[in-house]
Structure formats: C-alpha cells, structure tokens
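Work the whole structure out from these sequences, hints included.
Taken in sequence, the protein lines are chains A and B. Position 172, counted from 1, in the first sequence is what the numbering used here calls 172; the numbers after and before it change by one each time, with no gaps. Position 131, counted from 1, in the second sequence is what the numbering used here calls 131; the numbers after and before it change by one each time, with no gaps.
For the record, the hints were derived by calculation from the structure and aren't laboratory data. From a predicted model like this one, the values you see are computed outputs, not experimental measurements. This list has only true hints and no planted wrong ones.
Below, in silico cross-link-like pairs of lysine-lysine (DSS-like), each with a Cα-Cα straight-line distance of 30 Å or less:
hint	chain 1	residue 1	chain 2	residue 2
1	B	Lys197	A	Lys232
2	A	Lys197	A	Lys228
3	B	Lys227	B	Lys109
4	A	Lys227	B	Lys232
5	B	Lys227	A	Lys232
6	B	Lys227	B	Lys197
7	A	Lys232	B	Lys228
8	B	Lys232	B	Lys197
9	B	Lys232	A	Lys228
Number of protein chains: 2
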Amino acid sequence: MNLRVVLVEPRYEGNVGAVARSMKNFGFSDLFLVRPCDIGPFGMAMAAHAKDILESAVRVDRLEDALAGANLVVGTTGKRLGKDHHHLRLHLRVPYLTPSELAERLSDKDGTVALLLGREDWGLTNDELMICDVLVSIPTSDEYPVMNLSHAATVILYELGQVDSKLEVRLADREMLERIFERTDHLLRIINYPEHKIRYVVLMLRRIFGRAELTEREANTLLGVIKKAIWKVEGEEDQAVAPD
Amino acid sequence: MNLRVVLVEPRYEGNVGAVARSMKNFGFSDLFLVRPCDIGPFGMAMAAHAKDILESAVRVDRLEDALAGANLVVGTTGKRLGKDHHHLRLHLRVPYLTPSELAERLSDKDGTVALLLGREDWGLTNDELMICDVLVSIPTSDEYPVMNLSHAATVILYELGQVDSKLEVRLADREMLERIFERTDHLLRIINYPEHKIRYVVLMLRRIFGRAELTEREANTLLGVIKKAIWKVEGEEDQAVAPD
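Structure representation (structure tokens):
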C-alpha cells in the first residue's frame, strides 16, 4: 500500500511543515499540496528533518490532479452530523471509519491511497467530500472536536504506519518461571511465612509476572536475588547452629 | 482512569499550547508543567479553544511535585536501544508498550495516571525514566523516529481517549510502591547482594510491577513478604551475634 498525503488549501506553513515531519516519522514521503500557502523558513523549521519531503512535494491547482493514479480516495472529516438530516449531507459525512478501522481495511491491500486533509478552518468542502471513496473521522471529544491539521494527520499516519517496529524482547521460558516459584516457595518457608498463605503468595506472584510478561533477563535476575536471600537465611542458620 | 499530562521542561510555547488543544480534543484537562518556558500569545493561539487548560495548568519546579497522588507514572521514550547492553540502560528503556497496548492495559483500571513527556530535544533524562513505572513508545520509522512533542502527545492521547473508564480494580498507590522499593533495597543490602547491582534490581522491579499494574491488595501482600524476609534475616543475625 502506497500512501499519498494530499493537503487541500492549507493556510499555515507551520502545519504543512509539521505534516511533512509526521509523514517521515511514520515512513511516508509522497506529499501533494493543492493551492497551498507560501512555505517559508517557519514551515521549513517545523518540518525539521523532513525538509526533503516539503521540497519534493507536488504543488497542483486542481484537486483532481492530486488524485491521478490513486486507487482509493480517503477523505477526512471532523464534523459531526448535526440535526440536519438532509439526505445528501447524511451520505456525505456518514458512515465513516475510525483511523484504526481504516488501517485494518487497508492492511492487506495493494495500490495507491490518497488521503485528503482539508483546510484548517473548514476542512473539505461538500464537493470535495463527494469525490471521496471512503471517509475517516477521528473519535474526539464532543466538547471540542476540532483538531489541529497536523495533529489529525499524525493520528491517521500513526495508524496507517503501524510498521512492526516493536523491539524483540525474549520472554522468560516456563521452566525458568517454575524455578522462580519453587525457590520462592522455599524462601517463604524458611522465613516462617504463614504456611497456609504460601500457596496464595506464589499464585499472586505468578499472576503479577504473567501480567508483566517477564523477560528472560528479568527472570534470571529475580532468580539470582531469591537464591541469594535463601543462601543468606540458610547460611545464617548454619552459623547459628554451628556453635552447638 | 484520570489522566494527568506532565510536560517536563518544554522549550517551545507553541508545543505547550498544541498539547493543551490536543488534550481537550480527547477529553483531558489535567496539565502539569515542570519548569516550562514562558507561554505568551503564540502558545495561547496554538491552544485555540483549550486556553482554559493552559491557564489552569499547574507549574512546578520539581518533577516529584507533579506526581503527587499518581497511581501509575508512564514515561514516553522515542529512543531505541542501541548496541549498549549495559544493565541499567536496558531496564531503563525496555520493554515498553505501544500506545494502543497502554490504552488496553488501562482500560479497566481506576486511579490517576501521570503521563510524562520530555523535552523537545532530549526527551526524559535517565533519572526521570528511573521514576517511571511503565514506558510507552510510539512505533515510528527507523529513518526518522523523532516526533514533534505535540504530535507524540496527540497519538498517545488519541489512544487513551478511547478508554472507557470502567471503575474496577484499585491500583496500588505510589507511597505503597515506594515503600516496597525502599524495603527491597534494604533487604538486598542485608542479604549481601552486590552493592553496585542493587539500584538496577530495584529499577527492574519497578518496571515489572509497573507493567503488571500492581493492585492495592497485591502491593500490601508483597510488602508483608518483604518485611517478613527482612525480619528473618535480621532476626537470625541477632541470634548469630547473641552467643558472643
């Protein structure tokens, strides 16, 4: 899936730069600007290390020219449906997908998707929304649903960019965990923890470590700590016993 | 779940305003600023209809003052782990949750969550990361992982804003957790655990318990176990010493 970001009549250069930065953060580079504002030093500064995206952005006068070659046109809308249930308006703005639903729909698709983001004040016009194949809307608070342009872009790019960049961490294996529980059981006994509560404490630890998804390294360290404590307790006992 | 956004030494007023706007977009209002830059007309303009959040933001000099009453401290980090496998660094920055994983974890929890966002250039320092119970990192492109501060905030707020705060399990409070760590530190010392590794073990536990989101009940039980172990070790030592 190839994503093309299309900003329609953006009015503030800072927003255009900020969108470029966000695109690069999530691995996208294809930017079209329809009748944009001038982009000067502030816009460039907001782009930070994504100036190349700003510089290679394609400027067009007509929205249609920004859609050439696109397989799917996605429109963004932040406006909720009011009391006006006029049929056209209804179909224009609903139903829409959330950004995560959109990402899911596109996850197994190939082709070019044009993502349209409208003006800071008015968004996309009804005529522009008519062109869109699908709409996406970010779930926001009813009290203040109007997002900054680059923020809205960022949320959608974040969802669409969900590259698998999760750091690979090795989880502890079962044998290691069982050894931790077995040694903990032993430790509890030698510190005279109430017998009838030991099972419950070990179960509690199992649940805590389970929720935490203990890494191999953490499990190793924990086992070392527990062994050290046992050694200390039993060693002291030996010493206490030795003199007899 | 009550979310508190904590900006640590933000340098650009525009970012602070933009974060406030985003907070309001997703239904949050509790903002703390640790040693912030001055916020003038530009910052206010960026807040748009969220000026009230900026105006009621709590300014503090010490990070600790921004964490009072928080049940869980979430740190944000954009830095990936390099080849440096130093123990402390490893536990400082991994493992982390994605924003959606964090939202999922918090979905059935009650309490106050402090979300820490660091400086535009350096993020959070190692000392600040040490305080965090759990880390969140936004999956970004390896080519350019450094996000704009308000963009990063927006992505996380977007995810957390979809949380339905069902009132369910009561999380352990910070004081209880700190007591556990303090007593653990003590226990490690008296079992002769290598001095230079103690800090690292305590940090590891902080992260494990953070990811597990310890309940009040679990924290109580853990503290009891640790006290019992200390009592045993110190008691044995008294016995060992007594005969002399």
